[in-house]
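Q: Below are the chains, spelled out letter by letter.
2 protein chains.
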Amino acid sequence: MVHLFNAGPAKVPDTVLKQVQSEFLNFAGTGISIVEISHRSPEFTALLNESNANMREILEIPDNYQILWLAGGASGLFASLPLNLISSKDDVVDYIVTGTWSKNAAKEAENYTNVNYVVPIPSDFTGVPLDESMNFTSGAKYVYYCDNETVNGIEFPHTLKTDGTIICDMSSNFLTRPIEVSKYGAIFAGVQKNVAPAGLAVLIIRDDLISTERLHPVPKVWDFKLQAAGNSCVNTPNVFSMYVTNLVLKHLMENGGLKRFCELSTQKSSILYNVIDNSNGFYSCKIEKDSRSRMNVTFNLTTKELEAEFVKKAADVKIEGVKGHRSVGGIRASLYNAVSLDSVNFLADFMKSFQKDHE
Amino acid sequence: MVHLFNAGPAKVPDTVLKQVQSEFLNFAGTGISIVEISHRSPEFTALLNESNANMREILEIPDNYQILWLAGGASGLFASLPLNLISSKDDVVDYIVTGTWSKNAAKEAENYTNVNYVVPIPSDFTGVPLDESMNFTSGAKYVYYCDNETVNGIEFPHTLKTDGTIICDMSSNFLTRPIEVSKYGAIFAGVQKNVAPAGLAVLIIRDDLISTERLHPVPKVWDFKLQAAGNSCVNTPNVFSMYVTNLVLKHLMENGGLKRFCELSTQKSSILYNVIDNSNGFYSCKIEKDSRSRMNVTFNLTTKELEAEFVKKAADVKIEGVKGHRSVGGIRASLYNAVSLDSVNFLADFMKSFQKDHE
Numbered sequence: 001m002v003h004l005f006n007a008g009p010a011k012v013p014d015t016v017l018k019q020v021q022s023e024f025l026n027f028a029g030t031g032i033s034i035v036e037i038s039h040r041s042p043e044f045t046a047l048l049n050e051s052n053a054n055m056r057e058i059l060e061i062p063d064n065y066q067i068l069w070l071a072g073g074a075s076g077l078f079a080s081l082p083l084n085l086i087s088s089k090d091d092v093v094d095y096i097v098t099g100t101w102s103k104n105a106a107k108e109a110e111n112y113t114n115v116n117y118v119v120p121i122p123s124d125f126t127g128v129p130l131d132e133s134m135n136f137t138s139g140a141k142y143v144y145y146c147d148n149e150t151v152n153g154i155e156f157p158h159t160l161k162t163d164g165t166i167i168c169d170m171s172s173n174f175l176t177r178p179i180e181v182s183k184y185g186a187i188f189a190g191v192q193k194n195v196a197p198a199g200l201a202v203l204i205i206r207d208d209l210i211s212t213e214r215l216h217p218v219p220k221v222w223d224f225k226l227q228a229a230g231n232s233c234v235n236t237p238n239v240f241s242m243y244v245t246n247l248v249l250k251h252l253m254e255n256g257g258l259k260r261f262c263e264l265s266t267q268k269s270s271i272l273y274n275v276i277d278n279s280n281g282f283y284s285c286k287i288e289k290d291s292r293s294r295m296n297v298t299f300n301l302t303t304k305e306l307e308a309e310f311v312k313k314a315a316d317v318k319i320e321g322v323k324g325h326r327s328v329g330g331i332r333a334s335l336y337n338a339v340s341l342d343s344v345n346f347l348a349d350f351m352k353s354f355q356k357d358h359e
Numbered sequence: 001m002v003h004l005f006n007a008g009p010a011k012v013p014d015t016v017l018k019q020v021q022s023e024f025l026n027f028a029g030t031g032i033s034i035v036e037i038s039h040r041s042p043e044f045t046a047l048l049n050e051s052n053a054n055m056r057e058i059l060e061i062p063d064n065y066q067i068l069w070l071a072g073g074a075s076g077l078f079a080s081l082p083l084n085l086i087s088s089k090d091d092v093v094d095y096i097v098t099g100t101w102s103k104n105a106a107k108e109a110e111n112y113t114n115v116n117y118v119v120p121i122p123s124d125f126t127g128v129p130l131d132e133s134m135n136f137t138s139g140a141k142y143v144y145y146c147d148n149e150t151v152n153g154i155e156f157p158h159t160l161k162t163d164g165t166i167i168c169d170m171s172s173n174f175l176t177r178p179i180e181v182s183k184y185g186a187i188f189a190g191v192q193k194n195v196a197p198a199g200l201a202v203l204i205i206r207d208d209l210i211s212t213e214r215l216h217p218v219p220k221v222w223d224f225k226l227q228a229a230g231n232s233c234v235n236t237p238n239v240f241s242m243y244v245t246n247l248v249l250k251h252l253m254e255n256g257g258l259k260r261f262c263e264l265s266t267q268k269s270s271i272l273y274n275v276i277d278n279s280n281g282f283y284s285c286k287i288e289k290d291s292r293s294r295m296n297v298t299f300n301l302t303t304k305e306l307e308a309e310f311v312k313k314a315a316d317v318k319i320e321g322v323k324g325h326r327s328v329g330g331i332r333a334s335l336y337n338a339v340s341l342d343s344v345n346f347l348a349d350f351m352k353s354f355q356k357d358h359e
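Protein chains in written order, with the numbering used here: chain A, 1 to 359; chain B, 1 to 359.
No lab work stands behind these hints, which were simulated from the structure alone. Be aware that a few hints might be false.
[What the hints assert, rightly or not] With a cut-off of at most 20 Å between alpha-carbon atoms, the simulated EDC-like pairs for lysine to aspartate or glutamate come out as follows:
#  : chain 1 : residue 1 : chain 2 : residue 2
1  : B       : Lys-18    : A       : Glu-23
2  : B       : Lys-107   : A       : Glu-213
3  : B       : Lys-312   : A       : Glu-43
4  : B       : Lys-318   : A       : Glu-43
5  : B       : Lys-183   : B       : Glu-60
6  : A       : Lys-107   : B       : Glu-23
7  : B       : Lys-220   : A       : Glu-110
8  : A       : Lys-318   : B       : Glu-43
9  : A       : Lys-18    : B       : Glu-213
10 : A       : Lys-312   : B       : Glu-43
11 : A       : Lys-220   : B       : Glu-23
[As the list claims (entries may be wrong)] Output of the computed footprint for chain A on chain B, the stretches with three or more beta carbons under 8 Å from beta carbons of chain A:
#  : segment
12 : 33-40
13 : 268-281
Computed from a prediction, not measured in an experiment: that's the story for all the values here. Even for Gly, the Cβ is constructed at its ideal location relative to N, Cα and C.
Looking at chain A on its own, in the form it has when it is part of the complex (with noise of 0.2 Å):
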């Protein structure tokens, strides 16, 4: 048995994979495979519509939210967001960057719109910046965050304070704990770290910011307008990954819902922020302890080539996806919804005795 820590692609929960190996060449009876059916057929219409209710009750959206599912993945949306909620060359939008991926999509809104860094890019990223620290725009389109930093191992613990109209990339930390929706304007998530396989996003948005009035011409198959309208079937969507994702929904609202998965995130990364407080320095985590992931757990040890054999040892016993981002380094254990406590705790126990076996 391998213990997947992967980044994303990442784990999908075993007994979803089985079921969706049974009824590989059968879908819902119609005797043809999942991979073949028409987005267009009764069948697929009633998953996506079951998968949108599922996604209504588990995240409780209200009524003037939509569900899209959109192609390009959450960095499309980096492009694609401003590019539908820019009205004016006037405009001003909100950017905090606590990491890799809001710095990407800022630089990305900085093509369509003006763009104002709530807090300068710091030259390091260790930590989500102060409330009172923070210099918001007073009239801005939107204020932008990422609310975990998959590369880097931050999280916002709460839903950012602002008066302003909040856009959230959640992509790292979707479904994994409970939220107040009509806090924000809109949500994303790439579905590929707690869903379901990639090459699909999914945006809650609300309804006021759906709109035709745009600065500049949207591409068809992201304009929301045009999708909301088509269910997300304007073009042909990935219906391999929305049909996963409906059963990782189903998976989710059978196991305990978001409250219990919630309880299981603070738990898995309880255990391996533990093993790195107790180390004595063997191992370092640098994000500040408030702004710590529950998803990604970034950590250093003391040489690049303790890191490696780290590495190396690791996938000795199967323990596989622990190697830092490329462009961070370290290590990095991804603990998505489906990664389960065993594994957690496997890989706890490997750290200590690599410890002791390197000390």
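With chain A fixed as given, assemble chain B onto it according to the hints.
A: The following block gives chain B in isolation, referenced to the frame of chain A:
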């Protein structure tokens, strides 16, 4: 057994489906599923490189062309092609509109540049225009056409004759006949017709067209230059669909290659066109004979009621996917590579028997 004539998503070879199913929990001996594997893993990189090599071999792609795998399907390319290729506000592009998809592509291009319609848009689509009727722009940035119109059932009998740089949408006849790639500036296709599960497009583009001199900002996930440099992994790609694509490419090579599938496509479509032409008007195809598609055989019965009855009775004998596109009505049978001769003969027999019963 279902005889599936879906227009896309569509039939995938049975042997490929069975292979996907059998190795779904353990990709390439990794002990994890293909949907869990990292797009930066050596196993996935090997898969992608093999897939590119196979594509290059099958289509005999010259070295000065890149193969890119992109999100957003062919419809995404309706926007991303002009975004990447237009470098000045004085640029002009030529579009040949022969059906629904080339019309959509031209409309989308109008958002970004000056579009010249090489022939006037006809009120009804019944064939490809005569060579001598085409009014090309001298110095046009590119000449765009759709090799096979899926909705209408119209196919160019041969590569367009022009001195211009050809951009060709081959979504629905990709990999169904040998082509001379060097005649094109770029070829693209959504994979969900002749290749693999939906949610992925392939672009084969000549090096000199990949530029950073661009009039409009290009969304990062659609930036040809970046994606070429990043081996189509600038953002997380649709790993699963890329995996199935490679299996289908291998299946194509093992079963006679393009030449064999081209012969088969002519044979399969001729069977149906013969039934139509010998039906004394019970069935009628309005597409001119030299423009009739080998991929999408479109036809009408004498009344809408009879067409509905045809679809219903077909379903009774497990013939699925033959209802025409909602925008044009009628009947459409899509005969992509994975549709067997047996299924086509079965449909032909059904058509004859239906005629006998309803004449």
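Q: All the hints need checking, so say for each whether the structure fits it.
A: Verification of the supplied hints:
no. : hint                   : result
1   : B:Lys-18 to A:Glu-23   : 11 Å, holds
2   : B:Lys-107 to A:Glu-213 : 19 Å, holds
3   : B:Lys-312 to A:Glu-43  : 17 Å, holds
4   : B:Lys-318 to A:Glu-43  : 16 Å, holds
5   : B:Lys-183 to B:Glu-60  : 12 Å, holds
6   : A:Lys-107 to B:Glu-23  : 41 Å, violated
7   : B:Lys-220 to A:Glu-110 : 12 Å, holds
8   : A:Lys-318 to B:Glu-43  : 16 Å, holds
9   : A:Lys-18 to B:Glu-213  : 48 Å, violated
10  : A:Lys-312 to B:Glu-43  : 17 Å, holds
11  : A:Lys-220 to B:Glu-23  : 36 Å, violated
12  : 33-40                  : holds (count 7)
13  : 268-281                : violated (count 0)
Going through the hint list in order, the structure does not satisfy hints 6, 9, 11 and 13.
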